[in-house]
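Chemist: Sequence:
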Amino acid sequence: MTDFTRLAKVDLHVHLDGSLRPGTIADLIRAAGKPVPDDVEHRCRVSPQCRSLHEFLDTFVFFYPYIGNAAALHRAARELCADQAADHVAYFETRFAPTLWTASGFPAEEAVEAALAGLAEGAAETGVKWGLILCGVRTSPPATTIATVKLAHRYFPEGVVGVDLAGDERHPAAAHAAGLALARKLDIPITLHAGEAGPAANVREALDLGAVRIGHGIHAADDPSVVERARVTGTTFEMCLTSNLQTASVRSIGEHPFAAFLRSNVRVTLNTDDPGVQGSTLSQDYALAESAFGITREEFLQSLAYSVDAAFADDSVKKDLKHLIENSWNPPEPRR
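Residue numbers (our numbering): 1 to 336.
It should be emphasised that the hints constitute simulated quantities derived from the structure, not laboratory data.
Since we're looking at a predicted model, the values are computed, not measured.
Some hints could be false.
Calculated cross-link-like contacts (lysine-lysine; reagent style DSS-like; alpha-carbon spacing at most 27 Å) [what the hints assert, rightly or not]:
hint, residue 1, residue 2
1, 185, 150
2, 318, 185
3, 318, 150
Go ahead and model the full structure; you've got the sequences and the hints to work with.
Modeler: Structure representation (structure tokens):
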């Protein structure tokens with residue numbers, strides 16, 4: 001069994017609000033003047049009995065009211081850098097929806113600035129590299145997605161690297177076409193959640209809307225024409241094994257399409273999704289891929305190459321990452 005904690009990795013799909021440590025959530029509850037439940041760690045983690053994405057997302061209801069402030073987001077971002085660095089993640093892109101707390105009086109601009117400041121501080125402490133993706137939400141009014149894209153453009157020079165559309169796939173992404181068209185006009189890269197709990201048609205829709213990466217996309221496997229379109233266009237899938245099992249988006253690891261995609265030259269990557277809620281790390285997903293599918297070192301390196309190529313990062317960052325990964329996974333022979 002390979003010790004993946006010692007090997008350099010890339011995580012393109014990790015939600016900031018799904019990454020908080022249970023101890024941090026307990027501190028935030030105290031800071032709000034509320035009593036901390038004795039079972040706080042249990043309530044911060046997805047239930048082993050979870051049987052759907054909607055049940056998975058119910059876990060967030062417990063702690064979400066306590067993270068809608070600048071101090072909480074700053075701390076979450078800084079600690080995410082430390083947790084990723086501890087797992088030897090050399091580069092990650094985290095995402096969140098900054099407009100979700102505006103109704104409670106927390107401006108989206110302040111949310112973005114707090115996350116960026118926390119990421120910058122965490123990177124200075126650990127050396128990890130990062131990018132921030134801003135999410136629109138399928139169930140929010142389309143105008144909110146337009147506002148999110150404008151925020152991404154405003155903060156692009158400071159570390160925002162792309163936009164996403166997340167949320168309940170029963171609500172069509174096409175309703176947010178105007179916001180995504182604006183992102184394309186402003187040259188802001190687009191990654192869209194699609195084909196996680198929804199059908200392959202949702203992945204096709206995401207491609208039509210300009211997505212160059214697909215969050216999850218596991219049900220694209222149900223339609224070979226969608227898979228072929230993604231392969232030909234070089235679209236990259238951000239897959240998350242542990243998450244997809246916990247949400248029951250696949251019934252068993254044997255049904256997961258990660259290995260089949262990788263071995264048919266579809267650009268597919270391994271990522272965490274919500275490591276705090278899941279109680280997992282990227283290294284654990286790598287170990288699962290090795291044990292379940294027999295993924296070889298060469299195949300992992302191919303998937304990592306896809307991650308680096310698809311990252312919303314400068315060419316200089318990608319060059320450094322390729323060098324770091326090569327030296328980590330294939331260390332040079334010692335001189336005699």
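Chemist: Now tell me, hint by hint, if it's right for this structure.
Modeler: Hints, one by one, checked against the model:
For the proposed pair residue 185 and residue 150, the alpha carbon gap of about 11 Å is at most 27 Å, so the pair holds. Restraint check: the Cα-Cα separation between residue 318 and residue 185 comes to about 24 Å, which is no more than 27 Å; the hinted pair holds. At roughly 26 Å between alpha-carbon atoms, residue 318 and residue 150 fall within 27 Å of each other, so this suggested pair holds.
When the structure is compared with the earlier hints, no violation turns up for any of them.
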